[in-house]
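S.K.: On the provided structure of chain U, position chain Y as indicated by the hints.
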Amino acid sequence: MLEIRGLKKAFDGHEILKGVDLELDKGDVLAVLGPSGGGKTTLLRCLNFLEKADGGTMTFLGQEMDMPTLSRKEIAAYRRHTAFVFQSFNLFSNKTALQNVTEGLIVARKMPKSEAEKRALAALERVGLADKRDAYPSQLSGGQQQRVAIARAVAGEPDVIFFDEPTSALDPELIGGVLDVIRDLAEDGMTMIVVTHEVHFARNVSTRVLFMEDGRVLAAEQTAAFFEEQKNERIQSFLRSLDRKDD
Amino acid sequence: MSERVLDILISSFPRILGQGLLVTIPLTVISFALALVIAVLCAMVQIADVKGLKQIVRFYIWLIRGTPLLVQLYLVYFGLPDLGIALPAFPCAVAVFALNEGAYCAETVRAAIESVPKGQMEAGYCVGLSYIQIMRRIILPQAFRTAFPPLSNSLISMVKDTSLAANITVTEMFMTTQRVAGRTYEHLALYAEVALIYLLFCTVITWLQRLGEKKLNAMNGGNVIRA
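Protein chains in written order, with my numbering: chain U, 1 to 247; chain Y, 1 to 227.
Careful, some of the hints might be misleading.
Stated by the list, open to error - Derived BS3-like pairs: lysine-lysine, alpha-carbon spacing no greater than 27 Å straight-line:
no. : chain 1 : residue 1 : chain 2 : residue 2
1   : U       : 110       : Y       : 214
2   : Y       : 215       : U       : 113
3   : U       : 52        : Y       : 51
4   : U       : 8         : Y       : 118
5   : U       : 132       : Y       : 51
6   : Y       : 214       : U       : 132
7   : Y       : 118       : U       : 52
Unchecked claim - Here are the computed distance ranges between Cβ atoms for each label pair:
no. : chain 1 : residue 1 : chain 2 : residue 2 : range
8   : U       : 3         : Y       : 49        : 28 to 36 Å
9   : Y       : 54        : U       : 184       : 43 to 51 Å
10  : Y       : 87        : U       : 11        : 47 to 55 Å
11  : Y       : 52        : U       : 81        : 33 to 41 Å
12  : U       : 68        : Y       : 30        : 45 to 53 Å
13  : U       : 110       : Y       : 22        : 25 to 33 Å
14  : Y       : 69        : U       : 69        : 48 to 56 Å
15  : U       : 243       : Y       : 54        : 37 to 45 Å
16  : Y       : 87        : U       : 69        : 48 to 56 Å
17  : U       : 21        : Y       : 54        : 49 to 57 Å
18  : Y       : 50        : U       : 11        : 19 to 27 Å
19  : Y       : 52        : U       : 197       : 40 to 48 Å
Unchecked claim - Which chain Y residues face chain U? A few, computed with CB under 10 Å, are given here:
no. : residue
20  : 116
21  : 126
22  : 127
23  : 130
24  : 131
25  : 135
26  : 137
27  : 141
28  : 142
29  : 145
30  : 184
31  : 187
32  : 220
If you are wondering where the hints come from, they were derived from the structure by calculation, not from laboratory data. Note that CB positions come from ideal geometry on N, CA and C, so glycine has one too.
Chain U with its partners taken away, still in its complex shape:
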């Protein structure tokens, strides 16, 4: 469904992505792991054109696109099929939880207000926050904000959702609730790419793992194979170091 070939991105001459390939089938949950500064977030941002790639082709739903030269219109059309969940939530702070979800439906997708609200309420219900529909972001905890952000992502019925370290900005006791919501989505067959440091989550929920370091893909494997039969010493030591942190 989504295929990336040779994705390159540099900031001020400093190469962050040095030719990344990636493949995603419908229903896949791809966990992107790796040390900080390895290019995971930049990869995800390039996938939704929040950063313009310097090189690379994308094939999405059978359509091939040259990533650096995509027009604003083509990007907008592509984004109708995707959704993005940010590390820092980025809920619209002047809108209520419900309005955060309906905004894109009503303004961008021209959906009638009543239908948009119905769909938004269902999405809020799904993340367990229907009772917070009229709360503003500043009245919600970080975990609740992130769940509203996920409702906002889901409500557009995207073909794929990108998660950029969705729990990294949360207090430890709030992480579980957000991961549960993402797990539910996975069980419903939602296609997702999740950049994360939560190895246990990756192990239990993802179908594939992409391991990135220094702008390159070190491994792209089925989740079971990645964790059980890992031969790469660098990855082994990375996973061991995380295990120690968990203890």
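M.R.: For chain Y alone, coordinates are given in the frame of chain U:
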């Protein structure tokens, strides 16, 4: 206080206040409304980085902020007629006050827009909104909350600065006071009186500002927390 002074104060009060309500306030309100339009346009040109226009806006702000308001009034009212452009005093004052305040407020509005986190724009793009839609529906409302106190400040300044219009023959509140004082020689009492009326006007604006802030806060769900 002698009875004569008291009489002069009482008889001049409705006249001075009336001139305040009829000239000072309209002059302020019209000029400030225009200044806000100028400010938002200038801020948007700078934020959106419109080539060419941006340089013009920077030049305008540099020019206005670097020259005294009184000199600007003289230039336009007494100077421009030399070029065949002669405006009546009131429109002339409106133009100068609007252009002057517009330059200052442009910087206030620009700073307020820039203070809205970049993530708001990105989230807008990701749910499919266009740049204009995000600006109008997400960024500007938040920026307005931030800009509101400094803009109220500017408005308060402007109420008092309109007294400078007396220099170009606009018979606003201050010039009216000058005339009564010139006739009666009760300078202390009359200038104190007009000072109190300015104070009254500014007190009302301060009170409106508080009301406005409360309302804007309620529209953002209490204190604005920036994630």
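S.K.: Look at each hint and say if it fits the structure.
M.R.: We went through each hint and held it up to the structure:
1. 110(U) to 214(Y): 33 Å, violated
2. 215(Y) to 113(U): Roughly 25 Å separates the two Cα atoms, so the pair holds.
3. 52(U) to 51(Y): Roughly 21 Å between the alpha carbons, so the hint for residue 52(U) and residue 51(Y) holds.
4. 8(U) to 118(Y): 23 Å, holds
5. 132(U) to 51(Y): Violated, because 44 Å separates the two Cα atoms, which is more than 27 Å.
6. 214(Y) to 132(U): 22 Å, holds
7. 118(Y) to 52(U): Measuring from Cα to Cα gives roughly 16 Å; hence the hint holds.
8. 3(U) to 49(Y): 28 to 36 Å: 35 Å, holds
9. 54(Y) to 184(U): 43 to 51 Å: 48 Å, holds
10. 87(Y) to 11(U): 47 to 55 Å: 53 Å, holds
11. 52(Y) to 81(U): 33 to 41 Å: 37 Å, holds
12. 68(U) to 30(Y): 45 to 53 Å: 50 Å, holds
13. 110(U) to 22(Y): 25 to 33 Å: 49 Å, violated
14. 69(Y) to 69(U): 48 to 56 Å: 51 Å, holds
15. 243(U) to 54(Y): 37 to 45 Å: 54 Å, violated
16. 87(Y) to 69(U): 48 to 56 Å: 52 Å, holds
17. 21(U) to 54(Y): 49 to 57 Å: 41 Å, violated
18. 50(Y) to 11(U): 19 to 27 Å: 25 Å, holds
19. 52(Y) to 197(U): 40 to 48 Å: 46 Å, holds
20. 116: OK, holds: residue 116(Y) within 10 Å of chain U, min 9 Å.
21. 126: 4 Å, holds
22. 127: Holds. Min distance 3 Å.
23. 130: 7 Å, holds
24. 131: 9 Å, holds
25. 135: 12 Å, violated
26. 137: Constraint on residue 137(Y) satisfied, holds at 7 Å.
27. 141: 5 Å, holds
28. 142: 5 Å, holds
29. 145: Since chain U brings a Cβ to about 8 Å from residue 145(Y), closer than 10 Å, the hint holds.
30. 184: At 54 Å from the nearest chain U Cβ, residue 184(Y) fails the 10 Å test, so the hint is violated.
31. 187: 51 Å, violated
32. 220: Constraint on residue 220(Y) satisfied, holds at 5 Å.
The structure is inconsistent with the numbered hints 1, 5, 13, 15, 17, 25, 30, 31, although it conforms to all the rest.
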